[in-house]
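Q: What follows is each chain in one-letter form.
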Amino acid sequence: MMTVVIGGSKCGKSGYAEKILDSFDGKKLYIATMIPYGSEAHTAIERHREMRRNKGFETIEKYTALNEIVLSGKCAVLLECMGNLLANEMFGVGKITNPIENILSGVESLNTQAEQLVIVTNNIACDGISYESGTMEYIRNMGEINRCLCETADNVIECVYGIPLAVKGKLL
Amino acid sequence: MKMITGGAYQGKSEFVKKHFDCEILDGESCDFEKVFTAECVCNYHLLVKRLIENGHDAIAFTERLCRDNPEIIVIINEIGCGIIPLEKSERIWREQTGRAGSIIAKNSDTVVRIICGIPTVIKGEI
Chain V
1 MMTVVIGGSK
11 CGKSGYAEKI
21 LDSFDGKKLY
31 IATMIPYGSE
41 AHTAIERHRE
51 MRRNKGFETI
61 EKYTALNEIV
71 LSGKCAVLLE
81 CMGNLLANEM
91 FGVGKITNPI
101 ENILSGVESL
111 NTQAEQLVIV
121 TNNIACDGIS
131 YESGTMEYIR
141 NMGEINRCLC
151 ETADNVIECV
161 YGIPLAVKGK
171 LL
Chain C
1 MKMITGGAYQ
11 GKSEFVKKHF
21 DCEILDGESC
31 DFEKVFTAEC
41 VCNYHLLVKR
51 LIENGHDAIA
61 FTERLCRDNP
71 EIIVIINEIG
81 CGIIPLEKSE
91 RIWREQTGRA
101 GSIIAKNSDT
111 VVRIICGIPT
121 VIKGEI
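Just so you know, the protein sequences line up as chains V and C, in that order. So the first sequence is numbered by the working numbering: it starts at 1 and just counts up by one. So the second sequence is numbered by the working numbering: it starts at 1 and just counts up by one.
Keep in mind that a hint or two might mislead.
Footprint (simulated), chain V over chain C, 3 or more residues, beta carbon under 8 Å [unchecked claim]:
1. 1 to 11
2. 37 to 49
3. 74 to 82
Here are some chain V residues pointing at chain C (derived, C-beta under 8 Å) [claimed, not checked]:
4. Ser-9
5. Val-70
6. Leu-71
7. Cys-126
8. Ile-129
9. Glu-132
10. Ser-133
11. Gly-162
12. Leu-165
13. Ala-166
14. Val-167
Hints in this document: simulated from the structure, not taken from any laboratory. All C-beta atoms, glycine included, are put in the ideal place defined by N, C-alpha and C.
Looking at chain V on its own, in the form it has when it is part of the complex (with noise of 0.2 Å):
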């Protein structure tokens, strides 16, 4: 089963996308997304990891290329998050040809490697600002991928303020 958590910043989505895999008895995989560079990502690393004690995740760091994780064993993850996962793909060291396909393609692996798989998402695109043509293509690409995601997706979770509203599927 696929779940997509998506919300503005600091909405409690992280917080719910865990709480969905509370009742899991297999292995539980966090994948992290975010690249520890400056005091804010370090922070917000920090304070996600807090969030995760005691909730039996084990931790990957994977910044790029998601279909080389190979999982065993009956297995749940949690990617977060695509907002970072996006700017490493297009923004990264070794600029890479085609973010969306590697993304979607490293998505689909995980799908099928799975027993369940929990993504955090960004609503990223309103904000009603023009920006420079590479935010744009950004802003423009994570919409692709969302829709794509929340096309397969079972469950698609908004949070707003903490409330998690279900605009495809239900509420776990």
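Starting from the structure of chain V, add chain C where the hints point.
A: Just chain C now, kept in the frame of chain V:
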């Protein structure tokens, strides 16, 4: 406590005026202490901004509000659904607004989200 949210200019204040008979304090310009006795405060996201600019802890303020004025109606814009701002102060404001709004939502019996003037009750009932 009640919370009314949504994007800018979606009809949040109009919704409150239509459904509740209350005086609305403007978070963009009001005296901070007045919020603790107000019937309704609008622009809470801008109140958060002013609190930060004046060296106050917006989260502690919001927690106190939930304790001291549990009947208040809070109108707050959704501001977190965009590109991460380049300016650090803008990033802090956006994050603190997300956290403050989540505290208000948790403490509210009713949360209404308004888009194009159309309200959806996303928690409790009106």
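Q: Confirm or reject each hint.
A: Hints, one by one, checked against the model:
1. 1 to 11: holds (count 3)
2. 37 to 49: Per the Cβ count (0), the hint is violated.
3. 74 to 82: Our answer is that it holds, as 6 residues pass the Cβ test (under 8 Å) against chain V, meeting three.
4. Ser-9: holds, 4 Å
5. Val-70: violated, 32 Å
6. Leu-71: violated, 31 Å
7. Cys-126: holds, 4 Å
8. Ile-129: Since chain C brings a Cβ to about 7 Å from V:Ile-129, closer than 8 Å, the hint holds.
9. Glu-132: Status violated, d = 11 Å.
10. Ser-133: With a closest approach of 13 Å, the V:Ser-133 hint is violated.
11. Gly-162: holds, 4 Å
12. Leu-165: At 6 Å from the nearest chain C Cβ, V:Leu-165 passes the 8 Å test, so the hint holds.
13. Ala-166: violated, 11 Å
14. Val-167: violated, 12 Å
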